[in-house]
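Each protein sequence line maps, in turn, to chains A and B. As numbered in the working numbering, residues 1 to 258 make up the first sequence, in order. As numbered in the working numbering, residues 259 to 399 make up the second sequence, in order.
You may find that some hints are simply not true.
Computed beta-carbon distance windows for the label pairs [what the hints assert, rightly or not]: (1) 389(B) with 256(A): 49 to 55 Å; (2) 228(A) with 317(B): 31 to 37 Å; (3) 353(B) with 71(A): 45 to 51 Å; (4) 130(A) with 290(B): 30 to 36 Å; (5) 363(B) with 71(A): 30 to 36 Å; (6) 294(B) with 220(A): 17 to 23 Å.
Reference listing, derived: stretches of chain B covered by chain A, where coverage requires no fewer than 3 residues with Cβ under 8 Å from a Cβ of chain A [stated by the list, open to error]: (7) 320 to 331; (8) 354 to 365.
Bear in mind the hints are in silico, worked out from the structure with no lab data behind them. Each residue gets a CB set at the ideal place from its N, CA and C atoms; glycine is no exception.
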Amino acid sequence: MTAVADTAHDTSQIPAPEGSVTVTVKILRFNPEVDDEPHWESYDVPALPTDRVLNLLFNIKNYVDGTLSFRRSCAHGICGSDAMQINGINRLACKVLVKDLLAKKGKQTTITVAPIKGLPTMKDLYVDMEPFFEAYRAVKPYLIAYGNEPTRERIQSQADRERFDDTTKCILCAACTSSCPVYWADGSYFGPAAIVNAHRFIFDSRDEGSEERLDILNDAEGVWRCRTTFNCTDACPRGIQVTKAIQEVKRALLFKRV
Amino acid sequence: MTVTPEALSLDKPRSPRRPAARRSNFELYSWVFMRISGLLLVVLVLGHLFIMNILDGGVHRINFAFVAGRWSSPFWQTWDLLMLWLAQLHGGNGLRVIIDDYARRDSTRFWLKMLLYVAMAVILVLGTLVIFTFDPDIPAS
Ligand code: HEM
Ligand code: SF4
Ligand code: FES
Chain A
1 MTAVADTAHD
11 TSQIPAPEGS
21 VTVTVKILRF
31 NPEVDDEPHW
41 ESYDVPALPT
51 DRVLNLLFNI
61 KNYVDGTLSF
71 RRSCAHGICG
81 SDAMQINGIN
91 RLACKVLVKD
101 LLAKKGKQTT
111 ITVAPIKGLP
121 TMKDLYVDME
131 PFFEAYRAVK
141 PYLIAYGNEP
151 TRERIQSQAD
161 RERFDDTTKC
171 ILCAACTSSC
181 PVYWADGSYF
191 GPAAIVNAHR
201 FIFDSRDEGS
211 EERLDILNDA
221 EGVWRCRTTF
231 NCTDACPRGI
241 QVTKAIQEVK
251 RALLFKRV
Chain B
259 MTVTPEALSL
269 DKPRSPRRPA
279 ARRSNFELYS
289 WVFMRISGLL
299 LVVLVLGHLF
309 IMNILDGGVH
319 RINFAFVAGR
329 WSSPFWQTWD
339 LLMLWLAQLH
349 GGNGLRVIID
359 DYARRDSTRF
369 WLKMLLYVAM
379 AVILVLGTLV
389 IFTFDPDIPA
399 S
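Extracted from the complex, chain A is given alone in its bound form (with noise of 0.2 Å):
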C-alpha cells in the first residue's frame, strides 16, 4: 500500500491545449494478475483547469498506459459508475472540475485517485460491487402493494410525493456506503445506499410493503449500527442527505410510525 514505485511515466503524446498546467496525478494501482498489493503511481499530466478527473484519468489510459482500469459510462453524473476516492474523499470522477483541486499559486498540484473502499478491487479503480447490490436488493427496493390492481394510476398528493423526494435521487453510485467506517468494518451492514433505497418506498404512500423493510432494517446488521458519523451524507455526490434518512428510518422504528 505505501511503496511507491515512481518508474517515471512518459506523459508527452498528452495533448496541452493553451491555458493548461501541469499536475501531479497519483494513482493507486492494482492489477490482479501481477500484483500483491495496490501501490501508488504518478503521473505528470497537462490539465486545463474546467477538466474533470474524469479527463485527466482518460488522458492517461489513451496517451501513456491503456491498462489503466476504472468504470465510467454516462460521465455526467447521472450513471453512478465513477465513485472514487479523489484527495482522500469520495467524489464521482465526472463531477469534480481541476480547478477546484489546485495547489495554491506556484506550488505543484498533485490529485491523488483511489478505489473506493470496503468492497474488493478488483483491478485500479473499479471495486467488486455486487456486495452493494446485495444489501440494496435485501430492501426490496421495488413497489410492494396487495390487493387489486387500481385501473387508473395510484394518485399522489404533492405532500406525500415531498417526504420521500430526497431519496428519489439516488444513483447507486455507493459513494456513501464505501465512506462509511461501520461499513469498512463490518462488511454485512446493510450500509447507507441500502437503508436510502428503502427510506425511498418505505415512506412512499403508495407503497404497503413498509413493515417488511422496517423488520428487515430493525435487525443486527440494519439501522442501528449506523453511529451517526456523517461520512456519507458529505460523500453524496446527489446531495442526499443520507444520515438524515437514516435517521428518519429509525424514527419510524421507534414510534411505529412512518
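Dock chain B with the ligands against the given chain A, drawing on the hints supplied.
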C-alpha cells in the same frame, strides 16, 4: 480475481443471501438505552468527578472515613449503585458493538463477547456487594 457466476446473475434478485430478519427489538432497545444511560451518566459521572476531585480539597481529603461517611447515606449508596450499573451496562454494550464491528470470525466474536460479559458480571456483582455490605467498623489499617 475471478468473478463468480453468482455475482453476475440477477435472475433471482429476491433470493435471500442474508439470514432472515430475527424480528427482535434488541438492537432498538440497546440503542435507546445508550442514549438514556448516557444522559443520566452526564449527571452521575460529572457529579461524582466534581465531588471526588474538586470539591473541598478534592482527592486529598479522600480516606477510609470519607468513603464510610458517604456510604452511610442511602442517597450516595443509590447514586453509586446507579452509576455502577449504568456505566457498566453502557460501556459493556458499547464494547459489544465495537466487537461486532471488528471481529472477523464468528469464534473470535463469540469469545471476545464471553470475556466481556464475564468481566461485566464480575464487576457488577463485586461492586454491588461492596456497596451493600460495606462495614464501616472494620479496623482501618
Ligand atoms: C458522560 C456521559 C456519557 C454520554 C452522554 C454517553 C453517550 C453515548 C452514546 C449516545 C453512545 C452511542 C453512540 C452511537 O451509537 O452512535 C455511546 C457509546 C459508547 N459509550 Fe458512552 N456516554 C457517556 C459515558 C460513557 C462512559 C462512562 C463509558 C465507559 C464506561 C462509555 C463508553 C461508551 C462506549 C464504549 C461506547 C461505544 C462506542 C461506539 O459505539 O463506537 N460512555 N455513549
Ligand atoms: S445515496 Fe448518494 S452516495 Fe449513496 S449511492 Fe445514492 S447517490 Fe451514491
Ligand atoms: S460516469 Fe456516470 S456518474 Fe460519472
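Do the hints match the structure? See the list:
Distance hint check for residue 389(B) and residue 256(A): the Cβ-Cβ separation is about 38 Å, which falls outside the suggested range of 49 to 55 Å. At about 36 Å, the CB distance of residue 228(A) to residue 317(B) agrees with the hint of 31 to 37 Å. A beta carbon spacing of about 39 Å between residue 353(B) and residue 71(A) contradicts the range 45 to 51 Å that was offered as a hint. Take residue 130(A) and residue 290(B): their Cβ atoms lie about 34 Å apart, and the range 30 to 36 Å holds.
A hinted range of 30 to 36 Å holds for the C-beta pair residue 363(B) and residue 71(A), which are about 32 Å apart. Between residue 294(B) and residue 220(A) the CB atoms are about 21 Å apart, so this pair conforms to the stated range of 17 to 23 Å. Here the segment 320 to 331 of chain B counts 0 residues with a CB under 8 Å from a CB of chain A, which misses the bar of 3, and the coverage is violated. With 4 residues having a Cβ less than 8 Å from any Cβ of chain A, the segment 354 to 365 of chain B passes the three-residue criterion, so the hint holds.
Hint check: violations occur at hints 1, 3, 7; the rest are consistent with the structure.
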